[in-house]
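J.: Here's the letter readout for the chains.
Number of protein chains: 2
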Amino acid sequence: MQPQFLKFCRLTPEIVKNAAEKFGTPFYLYDENTIVEKCRQVLAMPNAFGLTVHYAMKANPGKALLQLITAQGLNVDTSSLNEARRAFLAGIPYDRMILTTQEIPFGQDRTDLEKYIHAGLTYNVCSKRQLLLIADYAAAENVPLSMRIHPGVGSGESASRNTGDKYSSFGVHLTNIPEVLDTANARGIVINRVHVHIGSGGDPVTWRENIDRELMFLEKYFPDAETVNFGGGFKEARMPDEDAADIQALGEYATQRILEFYQRTGRKLHMEVEPGTFIVANAGFLVTRVLDKKRTGKDGFNFIILDAGMEANTRPLMYGSRHPFYVVSKDGQLLSHESEKRKNSDAFVLVGKCCESGDSQCLTKNGEIAPRLLTEPQLDDYVIIGGTGAYCSAMSPYNYNSHPQYTEVILRRNGDVQVIRKPQTMEQIVQNELPLEISQTNSTNKRQKINASYPIF
Amino acid sequence: MQPQFLKFCRLTPEIVKNAAEKFGTPFYLYDENTIVEKCRQVLAMPNAFGLTVHYAMKANPGKALLQLITAQGLNVDTSSLNEARRAFLAGIPYDRMILTTQEIPFGQDRTDLEKYIHAGLTYNVCSKRQLLLIADYAAAENVPLSMRIHPGVGSGESASRNTGDKYSSFGVHLTNIPEVLDTANARGIVINRVHVHIGSGGDPVTWRENIDRELMFLEKYFPDAETVNFGGGFKEARMPDEDAADIQALGEYATQRILEFYQRTGRKLHMEVEPGTFIVANAGFLVTRVLDKKRTGKDGFNFIILDAGMEANTRPLMYGSRHPFYVVSKDGQLLSHESEKRKNSDAFVLVGKCCESGDSQCLTKNGEIAPRLLTEPQLDDYVIIGGTGAYCSAMSPYNYNSHPQYTEVILRRNGDVQVIRKPQTMEQIVQNELPLEISQTNSTNKRQKINASYPIF
Numbered sequence: 125m126q127p128q129f130l131k132f133c134r135l136t137p138e139i140v141k142n143a144a145e146k147f148g149t150p151f152y153l154y155d156e157n158t159i160v161e162k163c164r165q166v167l168a169m170p171n172a173f174g175l176t177v178h179y180a181m182k183a184n185p186g187k188a189l190l191q192l193i194t195a196q197g198l199n200v201d202t203s204s205l206n207e208a209r210r211a212f213l214a215g216i217p218y219d220r221m222i223l224t225t226q227e228i229p230f231g232q233d234r235t236d237l238e239k240y241i242h243a244g245l246t247y248n249v250c251s252k253r254q255l256l257l258i259a260d261y262a263a264a265e266n267v268p269l270s271m272r273i274h275p276g277v278g279s280g281e282s283a284s285r286n287t288g289d290k291y292s293s294f295g296v297h298l299t300n301i302p303e304v305l306d307t308a309n310a311r312g313i314v315i316n317r318v319h320v321h322i323g324s325g326g327d328p329v330t331w332r333e334n335i336d337r338e339l340m341f342l343e344k345y346f347p348d349a350e351t352v353n354f355g356g357g358f359k360e361a362r363m364p365d366e367d368a369a370d371i372q373a374l375g376e377y378a379t380q381r382i383l384e385f386y387q388r389t390g391r392k393l394h395m396e397v398e399p400g401t402f403i404v405a406n407a408g409f410l411v412t413r414v415l416d417k418k419r420t421g422k423d424g425f426n427f428i429i430l431d432a433g434m435e436a437n438t439r440p441l442m443y444g445s446r447h448p449f450y451v452v453s454k455d456g457q458l459l460s461h462e463s464e465k466r467k468n469s470d471a472f473v474l475v476g477k478c479c480e481s482g483d484s485q486c487l488t489k490n491g492e493i494a495p496r497l498l499t500e501p502q503l504d505d506y507v508i509i510g511g512t513g514a515y516c517s518a519m520s521p522y523n524y525n526s527h528p529q530y531t532e533v534i535l536r537r538n539g540d541v542q543v544i545r546k547p548q549t550m551e552q553i554v555q556n557e558l559p560l561e562i563s564q565t566n567s568t569n570k571r572q573k574i575n576a577s578y579p580i581f
Numbered sequence: 125m126q127p128q129f130l131k132f133c134r135l136t137p138e139i140v141k142n143a144a145e146k147f148g149t150p151f152y153l154y155d156e157n158t159i160v161e162k163c164r165q166v167l168a169m170p171n172a173f174g175l176t177v178h179y180a181m182k183a184n185p186g187k188a189l190l191q192l193i194t195a196q197g198l199n200v201d202t203s204s205l206n207e208a209r210r211a212f213l214a215g216i217p218y219d220r221m222i223l224t225t226q227e228i229p230f231g232q233d234r235t236d237l238e239k240y241i242h243a244g245l246t247y248n249v250c251s252k253r254q255l256l257l258i259a260d261y262a263a264a265e266n267v268p269l270s271m272r273i274h275p276g277v278g279s280g281e282s283a284s285r286n287t288g289d290k291y292s293s294f295g296v297h298l299t300n301i302p303e304v305l306d307t308a309n310a311r312g313i314v315i316n317r318v319h320v321h322i323g324s325g326g327d328p329v330t331w332r333e334n335i336d337r338e339l340m341f342l343e344k345y346f347p348d349a350e351t352v353n354f355g356g357g358f359k360e361a362r363m364p365d366e367d368a369a370d371i372q373a374l375g376e377y378a379t380q381r382i383l384e385f386y387q388r389t390g391r392k393l394h395m396e397v398e399p400g401t402f403i404v405a406n407a408g409f410l411v412t413r414v415l416d417k418k419r420t421g422k423d424g425f426n427f428i429i430l431d432a433g434m435e436a437n438t439r440p441l442m443y444g445s446r447h448p449f450y451v452v453s454k455d456g457q458l459l460s461h462e463s464e465k466r467k468n469s470d471a472f473v474l475v476g477k478c479c480e481s482g483d484s485q486c487l488t489k490n491g492e493i494a495p496r497l498l499t500e501p502q503l504d505d506y507v508i509i510g511g512t513g514a515y516c517s518a519m520s521p522y523n524y525n526s527h528p529q530y531t532e533v534i535l536r537r538n539g540d541v542q543v544i545r546k547p548q549t550m551e552q553i554v555q556n557e558l559p560l561e562i563s564q565t566n567s568t569n570k571r572q573k574i575n576a577s578y579p580i581f
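Protein chains in written order, with this note's numbering: chain G, 125 to 581; chain L, 125 to 581.
Honestly, I wouldn't trust all of these hints.
Identical copies look the same in the list; a pair holds intra-copy or inter-copy alike.
Claimed, not checked - In the PhoX-like style, the derived pairs of lysine-lysine whose C-alpha atoms are separated by at most 25 Å in a straight line are:
| # | residue 1 | residue 2 |
| --- | --- | --- |
| 1 | K392 | K489 |
| 2 | K454 | K252 |
| 3 | K546 | K454 |
| 4 | K252 | K546 |
| 5 | K252 | K239 |
| 6 | K141 | K344 |
| 7 | K239 | K344 |
| 8 | K131 | K252 |
| 9 | K489 | K131 |
| 10 | K131 | K422 |
| 11 | K546 | K146 |
| 12 | K392 | K252 |
| 13 | K239 | K131 |
| 14 | K422 | K252 |
| 15 | K392 | K454 |
| 16 | K392 | K344 |
| 17 | K141 | K546 |
| 18 | K239 | K454 |
| 19 | K546 | K131 |
| 20 | K454 | K489 |
| 21 | K252 | K146 |
| 22 | K489 | K252 |
| 23 | K546 | K422 |
| 24 | K422 | K344 |
| 25 | K417 | K252 |
| 26 | K344 | K146 |
FYI, nobody ran anything at the bench for these hints, they're computed from the structure. Predicted model only: the values in this text are computed from it and were never measured.
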């Protein structure tokens with residue numbers, strides 16, 4: 125049975141084969157129809173007094189995807205000034221962006237931030253220092269600000285992805301809200317939006333608790349807030365045994381709470397959410413080819429060496445994330461499907477081509493090897509790694525072992541496959557490097573005395 | 125007391141401050157004197173019948189460092205065809221390179237590989253398939269090949285960095301040696317070099333066992349081998365409580381075994397080693413600045429937010445690696461030194477500026493937070509992350525959150541600080557991106573019927 129996360133996918137083995145022959149492996153392939161349908165799902169979330177959806181572009185910041193997603197009606201959640209700049213270069217106006225960052229803008233960054241705010245960017249203040257640095261400008265321009273709250277609790281797929289509890293540093297901690305608000309009030313700054321992001325993969329119970337806590341903060345501390353931003357963290361199912369967040373149920377819950385809030389206070393809150401993974405994760409496929417096969421002795425593993433690995437999808441190494449695998453023969457036949465094991469399935473370990481033991485697509489959170497069942501691919505067959513639309517191209521050490529950033533293509537709804545990122549060249553990899561100045565090199569073989577006054581580190 | 129790994133370092137707090145004011149943080153700074161002295165140490169390893177040292181450029185492939193290191197007399201260990209190309213662009217001839225890769229060369233790659241071998245590159249065959257693909261060329265040109273053996277045992281700092289045992293796929297597994305050798309013999313190919321790499325961080329006992337095993341393989345299977353390559357994996361101490369490999373003792377042990385081998389067989393073996401981390405790890409410093417400070421409640425942590433993190437040093441997130449921290453005040457005073465705690469030390473968690481909970485420099489191998497003792501830095505002070513010369517700039521997801529690749533500079537032995545990599549610009553980040561073709565976009569809001577003949581994945 126076709127898993128839910130492939131419900132809208134229009135990718136076929138034949139398209140894989142044709143694209144591989146045309147562009148050469150490895151490459152990322154994004155399915156437009158999946159993205160469009162996921163945007164539609166999120167935009168259809170139930171709400172009480174209006175909904176704005178910001179796409180968390182850190183998940184995948186490519187120009188074409190930004191254009192596609194914003195064309196569906198989503199705005200953009202940016203995590204850095206550079207993301208705002210990048211979105212603008214893709215044609216997205218600043219008034220469709222919210223900026224939530226750990227950065228502190230100095231110099232040109234500060235000038236730019238003020239310019240972006242002037243053009244309509246929503247600045248989501250995350251610390252007292254951020255507030256203080258923008259205070260004069262915001263007060264003078266009479267610009268309201270958003271504030272990110274650290275709610276003291278959190279959820280997440282792993283300890284290192286837990287954004288809400290004491291283990292993370294994001295936002296104004298709940299114990300500091302009064303102090304930071306006093307600072308804002310003293311300068312006449314209005315906080316018209318409250319933001320809490322609890323973390324990726326949160327279960328529905330935690331998400332509902334988050335909604336309750338945030339509305340409590342909002343009622344207690346933020347009399348001017350008109351918008352409640354629930355952040356992102358809609359869990360997506362990448363594997364057949366995983367469950368995606370039920371955003372319909374979450375929307376219904378939020379609607380009910382926002383209506384109750386209205387009945388208590390007379391305030392109509394606009395709702396915002398910031399999905400990233402939920403929009404693009406299952407729209408992305410990393411198409412690789414089998415370079416080699418090895419068995420490490422009788423008690424060893426069956427290794428399948430692919431022509432892409434950690435330099436294109438580091439999530440298994442960083443977080444022990446699992447991705448679905450599909451095997452397509454070199455002549456375009458589907459041999460193995462993640463949720464429907466075919467004949468002759470055996471346990472294999474899929475690894476990349478980097479000179480790094482961690483370059484594996486089959487790791488657990490503890491770094492152990494977890495072989496996976498699939499029909500044995502032959503040399504030169506294609507192995508497609510699914511669920512690679514989010515935090516893969518965006519968060520990989522592209523140039524490790526001096527490999528290039530790979531081609532990215534999109535499968536349009538009409539069946540066309542178009543390039544949206546050309547492969548990086550070797551000249552581009554080294555374009556900012558400067559040689560060692562030779563006049564200095566001559567001295568390196570002579571032993572210099574270390575100046576005794578050097579206060580060595 | 126100054127730890128051993130800073131013995132040759134000429135970096136001073138004043139140099140940090142001046143460089144930071146000139147180039148802006150964050151940036152990587154490499155200490156030339158440390159690199160030169162580490163090269164000298166490795167080149168001075170005891171040996172019986174000659175030694176060649178290959179620098180494992182995957183650790184740090186920057187042009188200037190390649191030029192500096194090869195100027196000291198080291199050759200280059202390349203892990204991909206692209207690394208060979210990159211080293212050549214840095215001015216290093218192919219006859220000073222050895223190539224050990226998981227790649228299978230097709231098309232242009234194959235043509236190039238033959239060209240490089242013709243120019244003197246040593247090809248270290250790692251699988252039967254690699255041998256078969258190069259066999260005709262090697263036989264016709266009468267070029268001897270090297271062979272990497274998978275010795276069936278290994279060591280490493282973590283499961284995912286264990287390159288020698290059944291958990292890794294590198295090299296011709298010992299159980300396959302006869303079969304692969306038969307293939308070589310049938311084609312008249314001479315294997316004149318045997319290579320085993322056991323893995324990073326191996327303890328001396330494992331390393332010695334490796335030497336014994338490799339010489340046993342060599343004696344049993346490789347009558348034509350003239351060179352024994354022991355790979356890399358010299359453990360380097362990044363922290364004061366860590367011990368570096370005693371390469372003098374390892375060299376003495378290898379010398380003794382190679383002499384015994386000579387007495388038994390009459391064969392004089394040339395020795396090779398391939399250090400990467402050992403040469404550059406402690407020569408590298410990531411200079412960051414304190415952006416913000418936060419405390420997450422009474423039972424929470426003291427967070428120090430730096431202007432660089434996982435996008436510049438991902439090793440703590442990937443492997444739980446520890447790095448030394450130094451705090452330098454914004455006016456250039458050393459406040460805190462890793463191996464000599466100063467007054468008012470407290471436990472802090474150093475994190476970066478990415479919108480990612482895992483963006484921390486204080487993680488254990490299990491992803492837990494491990495706060496570190498240091499004198500409290502103030503806003504805008506410098507925090508220097510040491511031990512970042514290897515696998516940091518080379519293996520980081522530079523562009524996560526759309527941050528640029530950062531400036532790299534080198535502190536010359538004469539005290540000059542020179543730029544060896546200019547910072548990446550936003551235009552460069554997006555230079556290969558193509559926009560969505562607009563003629564297609566118009567259709568995205570119309571619901572298309574899925575063609576029923578689509579064999580959906």
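J.: Now, for every hint given, state plainly whether the structure supports it.
T.: Structure-based check of all given hints:
1. K392 / K489: Answer is neither: 43 Å inside a copy and 47 Å across each miss the 25 Å cutoff.
2. K454 / K252: between (57 Å within a copy, 21 Å between copies)
3. K546 / K454: within (23 Å within a copy, 42 Å between copies)
4. K252 / K546: neither (42 Å within a copy, 33 Å between copies)
5. K252 / K239: within (21 Å within a copy, 60 Å between copies)
6. K141 / K344: neither (58 Å within a copy, 45 Å between copies)
7. K239 / K344: Classified as neither: same-chain Cα gap 32 Å, cross-chain 72 Å, threshold 25 Å.
8. K131 / K252: neither (45 Å within a copy, 41 Å between copies)
9. K489 / K131: neither (28 Å within a copy, 37 Å between copies)
10. K131 / K422: neither (40 Å within a copy, 47 Å between copies)
11. K546 / K146: within (13 Å within a copy, 35 Å between copies)
12. K392 / K252: Answer is neither: 28 Å inside a copy and 69 Å across each miss the 25 Å cutoff.
13. K239 / K131: This pair counts as neither: shortest intra-copy Cα distance 42 Å, inter-copy 48 Å.
14. K422 / K252: between (60 Å within a copy, 18 Å between copies)
15. K392 / K454: Answer is neither: 57 Å inside a copy and 47 Å across each miss the 25 Å cutoff.
16. K392 / K344: Cα proximity of K392 and K344: one copy only (16 Å, versus 82 Å across).
17. K141 / K546: Cα proximity of K141 and K546: one copy only (19 Å, versus 40 Å across).
18. K239 / K454: Neither, since 52 Å and 28 Å both go past 25 Å.
19. K546 / K131: neither (29 Å within a copy, 46 Å between copies)
20. K454 / K489: neither (32 Å within a copy, 39 Å between copies)
21. K252 / K146: Close neither inside one copy (53 Å) nor across copies (28 Å); limit 25 Å.
22. K489 / K252: Result: close neither inside a copy nor across copies, 35 Å intra and 32 Å inter.
23. K546 / K422: For K546 and K422, neither the intra-copy (43 Å) nor the inter-copy (50 Å) Cα distance is at most 25 Å.
24. K422 / K344: between (65 Å within a copy, 21 Å between copies)
25. K417 / K252: between (55 Å within a copy, 9 Å between copies)
26. K344 / K146: neither (59 Å within a copy, 47 Å between copies)
Violated hints, listed in ascending order, are 1, 4, 6, 7, 8, 9, 10, 12, 13, 15, 18, 19, 20, 21, 22, 23, 26; each of the other numbered hints is respected by the structure.
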